[in-house]
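S.K.: So the chains spell out like this:
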Amino acid sequence: MTTLTPILTKNWNQPDSFTRAGYEREGGYQALRRALTLEPDAIVQAVKDSGLRGRGGAGFPTGMKWGFLPPSSPNPRYLVVNADESEPGTCKDIPLMLANPHVLVEGVIISAYAIKSNHAFIYVRGEVLHVIRRLQRAVAEAYEAGYIGTNILGSGYDLELVVHTGAGAYICGEETALLDSLEGFRGQPRLKPPFPAVAGLYGGPTVINNVESIASVPSIVANGADWFASMGTEKSQGFGIFSLSGHVTRPGQYEAPLGITLRELLAMAGGVRDGHRLKFWTPGGSSTPLFTDEHLDVPLDFESVGAAGSMLGTRALQIFDETVCVVRAVLRWSEFYAHESCGKCTPCREGTYWYKQMLKRLEAGQGSEDDLDTLLDLSDNILGRSFCALGDGATSPVVSSIKLFRDEYIAHFEQGGCPFDPAKSTLWAGNR
Amino acid sequence: MTEHLGPPVGEEPGQHHGEPMQLEPPYGGTAPYDLETREALERDAKEIIARYPKARSALLPMLHLVQSVDGHITQRGIDLCADLLGITAAQVTGVATFYTQYKRKPVGEYHVGVCINTLCAVMGGDQIWAELSEHVGVGHDEATPDGTVSLERIECNAACDFAPVMTVNWEFFDDMTPEKAKALVDDLRAGREVAPSRGPGRVCTWKEASRVLAGFPDGRAHEGVQAGPQSLRGLEVARDNGWAAPPVPAGPVDAEPPTPGEVTDPPPNEPGKPIGGSVKPGSQEGRNQ
Chain C
1 MTTLTPILTK NWNQPDSFTR AGYEREGGYQ ALRRALTLEP DAIVQAVKDS GLRGRGGAGF
61 PTGMKWGFLP PSSPNPRYLV VNADESEPGT CKDIPLMLAN PHVLVEGVII SAYAIKSNHA
121 FIYVRGEVLH VIRRLQRAVA EAYEAGYIGT NILGSGYDLE LVVHTGAGAY ICGEETALLD
181 SLEGFRGQPR LKPPFPAVAG LYGGPTVINN VESIASVPSI VANGADWFAS MGTEKSQGFG
241 IFSLSGHVTR PGQYEAPLGI TLRELLAMAG GVRDGHRLKF WTPGGSSTPL FTDEHLDVPL
301 DFESVGAAGS MLGTRALQIF DETVCVVRAV LRWSEFYAHE SCGKCTPCRE GTYWYKQMLK
361 RLEAGQGSED DLDTLLDLSD NILGRSFCAL GDGATSPVVS SIKLFRDEYI AHFEQGGCPF
421 DPAKSTLWAG NR
Chain F
433 MTEHLGPPVG EEPGQHHGEP MQLEPPYGGT APYDLETREA LERDAKEIIA RYPKARSALL
493 PMLHLVQSVD GHITQRGIDL CADLLGITAA QVTGVATFYT QYKRKPVGEY HVGVCINTLC
553 AVMGGDQIWA ELSEHVGVGH DEATPDGTVS LERIECNAAC DFAPVMTVNW EFFDDMTPEK
613 AKALVDDLRA GREVAPSRGP GRVCTWKEAS RVLAGFPDGR AHEGVQAGPQ SLRGLEVARD
673 NGWAAPPVPA GPVDAEPPTP GEVTDPPPNE PGKPIGGSVK PGSQEGRNQ
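Going down the list, the sequences are from chains C and F. Per my numbering, the first sequence starts with residue 1, numbered consecutively. Per my numbering, the second sequence starts with residue 433, numbered consecutively.
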């Protein structure tokens, strides 16, 4: 049986967990002091050895990403933290930054030191006001303590850290769109290569990492790569925050080694809400193909979820019970992708638009079985042909739901409407 | 978007209520700033610009700054940004129209969001939206005639374990119901103080919130809870079962030093050395205090 491993979440029950005093009481900033005694390359090596893979969805090895920076370049190097958490279902970085912003700040300082950068940015989405306040305050406190600024703790190392607030655009979670946005432009993805490691922010070598990835670095420096790698599975090492939401008795954040299963997590969370059963779920946000109750025992690591036909993504486990119409769910996600498509490339811009139109018709019971083939054909023209992963992600709920629930789509147009009562899915169903 | 291409199926939810506010096209606010306001805006904008190695990076925070004064993106605000950054008004407009949080018309003093992305919608967000919109008498992106409250159908706000969720001026309102939503808006319209589920002791105004987004802290970071109940669920399960992370090995845990072959030329900006290029060393006079 897999057990929970509170690390990043460990101090969240302390009322002052977001203050420097509260963080330091639990050993905070000790990893920074240790890091500054090490050679930067030794920290890169430790992160490589730990097996840490990006926690923002793609799962790329963090240490390897750092290693891609060219050894010399005419431009300064930058570290950019992607705190634009917006993938539907994903809700781990926001509570992390609300409760423990200093672990991110400490991670930024150590990571910037490791990659020899003197300027770092935290790009946080704009719709989370109190999180932004906490980040601003944490950075100010770190400056006051001499953890950021010039000659940090007498090491001779300098770092400036800026909290940069976005303005409402899911696409800015895509790393090159984020860079364009941070440079003051519309957030549209850039053609790769060159990759940000070679030509990123202001054309300089740039590392972009997710909040949780960077926040994991202090624990690796403090406790060692072997300690980190002792958790998780062979190729998906370490821990992560699993976010349970939807029709589950006790939704919330559960920090566990990678490889835990939904069956285990559901047992900890009191199971699917009383009197109902699991119908479908996302392993890692709306851009990851749907799973059903057949996938309860899939280890939630990168390889196993991939082998089962989906993606680990951001461990955003959205649980839907049998009261939920899958067509309604997929329509709403498709409306989201259409709203958030940046318009740069045709497959995504037009494809998500037509998804929306066709799914509206299907949900209203006015479609035909031919529409399902058209949807799949359309999906073939989006997946792999879009400029960035937003378009690819948009196809996941559509294709997987038709594969798993074709009969439910057909029932809509056979009955001339949606066979489900949305009132039964609500939080207050039966109590009102 | 070419909305006419699609088959007309149903009605866009929330598009049929009330009278939208009448505005002068395209942005309103063409009268120039008075001298005092202009000077204050320029002072703040220069502080924002100083945070960045390149001035144009200041544009997004500067647009939040414009909203902190004008309430929405105005033509004079666009012109100010263009002037101070040395770019065209068209370039600023192109950016301002891309991002959802920049409003092309006035919003209420309290801008209320209801999450209608799939999970919140299913958990009751759709019903909350329908009842609230009916109750207030305005639809998506519309404000009440007195300018107190506006409503928006918002996308996922990264609080799914608190579903269904709402926001007021981007503060978190968790575990909502139609009744709580209506009472919340009634309180806002009556001028009563309301407190978010996870946030400061009272909700600030839209303009005050915009100033924080521009990077000027309001000194309220310490207010409110550190975490909501859902955020602590895993921690409680671990505590009840006596579970913890693996023990830390004793003694030094230094990583193996890199093999000599992997160490290459020193980077241009070594730790301790000023960063090169056009970047001003220590160029963050306006950093977050």
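Be a bit skeptical, because a hint or two may be false.
Here are a few chain F residues that sit away from chain C, every Cβ distance over 12 angstroms (derived from the structure) [to be verified]:
{"#": "1", "residue": "Gly526"}
{"#": "2", "residue": "Thr580"}
{"#": "3", "residue": "Arg621"}
{"#": "4", "residue": "His654"}
{"#": "5", "residue": "Asp672"}
Sample of chain F residues facing chain C (criterion: CB under 10 angstroms; computed from the structure) [claimed, not checked]:
{"#": "6", "residue": "Pro485"}
{"#": "7", "residue": "Ala590"}
{"#": "8", "residue": "Asp593"}
{"#": "9", "residue": "Arg630"}
{"#": "10", "residue": "Gly666"}
{"#": "11", "residue": "Arg671"}
Honestly, the hints are just simulated from the structure, not real lab data. Just so you know, even glycine gets a beta-carbon here, dropped at the ideal spot from N, CA and C.
S.K.: Hint by hint, say whether it matches the structure.
M.R.: Against the structure, the hints come out as follows:
no. : hint   : in the structure
1   : Gly526 : violated, 6 angstroms
2   : Thr580 : holds, 19 angstroms
3   : Arg621 : holds, 21 angstroms
4   : His654 : violated, 7 angstroms
5   : Asp672 : violated, 10 angstroms
6   : Pro485 : holds, 6 angstroms
7   : Ala590 : holds, 4 angstroms
8   : Asp593 : holds, 4 angstroms
9   : Arg630 : holds, 6 angstroms
10  : Gly666 : holds, 4 angstroms
11  : Arg671 : holds, 8 angstroms
In summary, the numbered hints that this structure violates are 1, 4 and 5.
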